[in-house]
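K.L.:
For the protein sequence lines, the chains are A and B, in the order given.
Sequential numbering of the first sequence, starting at 1, is according to my numbering.
Sequential numbering of the second sequence, starting at 1001, is according to my numbering.
To be clear, the hints were calculated from the coordinates, so they are not data collected in a lab.
Glycine included, each C-beta is placed from N, C-alpha and C at the ideal position.
Treat the hints with care, as some may be off.
Now the stretches of chain A that chain B is said to cover, found in silico as 3 or more residues with beta-carbon under 8 Å [as the list claims (entries may be wrong)]:
(1) 48-62
(2) 75-89
(3) 94-108
(4) 111-123
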Amino acid sequence: MNIVIVGAGRVGSAVAKWALAEGNEVSVLDEDPLSQERLSPDGTSSWEDAGGQFTVGTALEIDALEESGMADADVCILCTDGDNTNLVVAQIARKRFDVPKVIVRVLDPYRAEWYREQGLHTICPTKVAIEMLEDAVVSA
Amino acid sequence: MYVIVAGAGKVGWNLARELIGKGHEVTVVENDRRRYLTVEQELEHAIQYGDATELWVLERIGIQRADLVIAVTGDDEDNMLICQVAKEKYRVDRIVARVNNPRNLEHFKLLGIHPAVSATDLILRLIEHEVPQYGLVHLLDLEEERLEIIELIVGQDSSAAGKRVDEIMLPDGALIISILRAGTGFVPKADSMIQAGDEVLVVLDPGLEGPVTAHFTSTESAAAGG
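Build out the structure end to end from the sequences listed, making use of the hints.
P.N.:
Rendered as structure tokens:
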């Protein structure tokens, strides 16, 4: 599968490395060139030597999205540190690039729920943490 | 009218002041604490501190009863999402979004955010109007109706100069609606003559600017070639 990951923070880089190890074509887009270091499979070799693609650019720029291979993506994962960026770019991926599967991380539970109702595949880590904490209290 | 203004920058603050002066009820939302405190000295209860992209902030200030939501923060993503939830979640009748970077205008369109206003675009239009030798001037875009009106100056060696209106073979979907000559305008008939130096107003379907302009611009290179 062709997988495009926007945002190479802790989550994005870990998912990218996993997806590459699983044998997918993985392209990562991040505005910070240094974030590429987090993508190194073993801490020494580079992401691109391992077969990954990396594009430097902001997610709202069409040029950057095109360069990242969004038009050919089977899956697009949005996990920058900004909910607003993730939600806007997810809709661009879906409506402009017709990406079949778009997954978007949204930290705000309220908006994650509303955008899920609108048809976006949202993942809300905050909600997961709340549920885990509640379960932990109950089972303690 | 109850108006929500997201962003208390220069645009938001001045807009709020004007709207309040016209007797409207206004709430401005600003998420920078220092900016909020500055503007609050003048607007008092008409400004709230908070992030207008958060739904509970919008609900707290009563977005359900807003007649108009204006998103003029310095961040295009924020402006898009504020307008999107205003329109689609809270069914606000009217929205207006500011476009900070004109290259993002297509994203606003993609998300159905209309009207989206770009200061850069507006100033460019004004420059085109003041300096018409740049070519055509967009006078009016009726996006919903898929029509625009443009102004053109008839070039010295253009194919239209010296012809009757009915001799100019404009593409289907384009029509000359007015001729401005020596400071006065008139609505042409089929036998009206077009002269070099005239300004013509043409109403057309979007996308026909190229073929229409070709009739009115000087064809020096073509003349030299032929």
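K.L.:
Does each hint hold? Answer for all of them.
P.N.:
Going through the hints against the structure:
Residues of the stretch 48-62 of chain A lying with their CB closer than 8 Å to a CB of chain B number 3, which satisfies the three-residue condition for coverage. For the stretch 75-89 of chain A, the stated coverage by chain B holds: 6 residues have a C-beta nearer than 8 Å to a C-beta of that chain, and at least 3 were required. Here the stretch 94-108 of chain A counts 3 residues with a CB under 8 Å from a CB of chain B, which clears the bar of 3, and the coverage holds. Look at the stretch 111-123 of chain A against chain B: 3 of its residues bring a Cβ nearer than 8 Å to a Cβ of that chain, three or more, so the hint holds.
No hint from the list above goes unmet by this structure.
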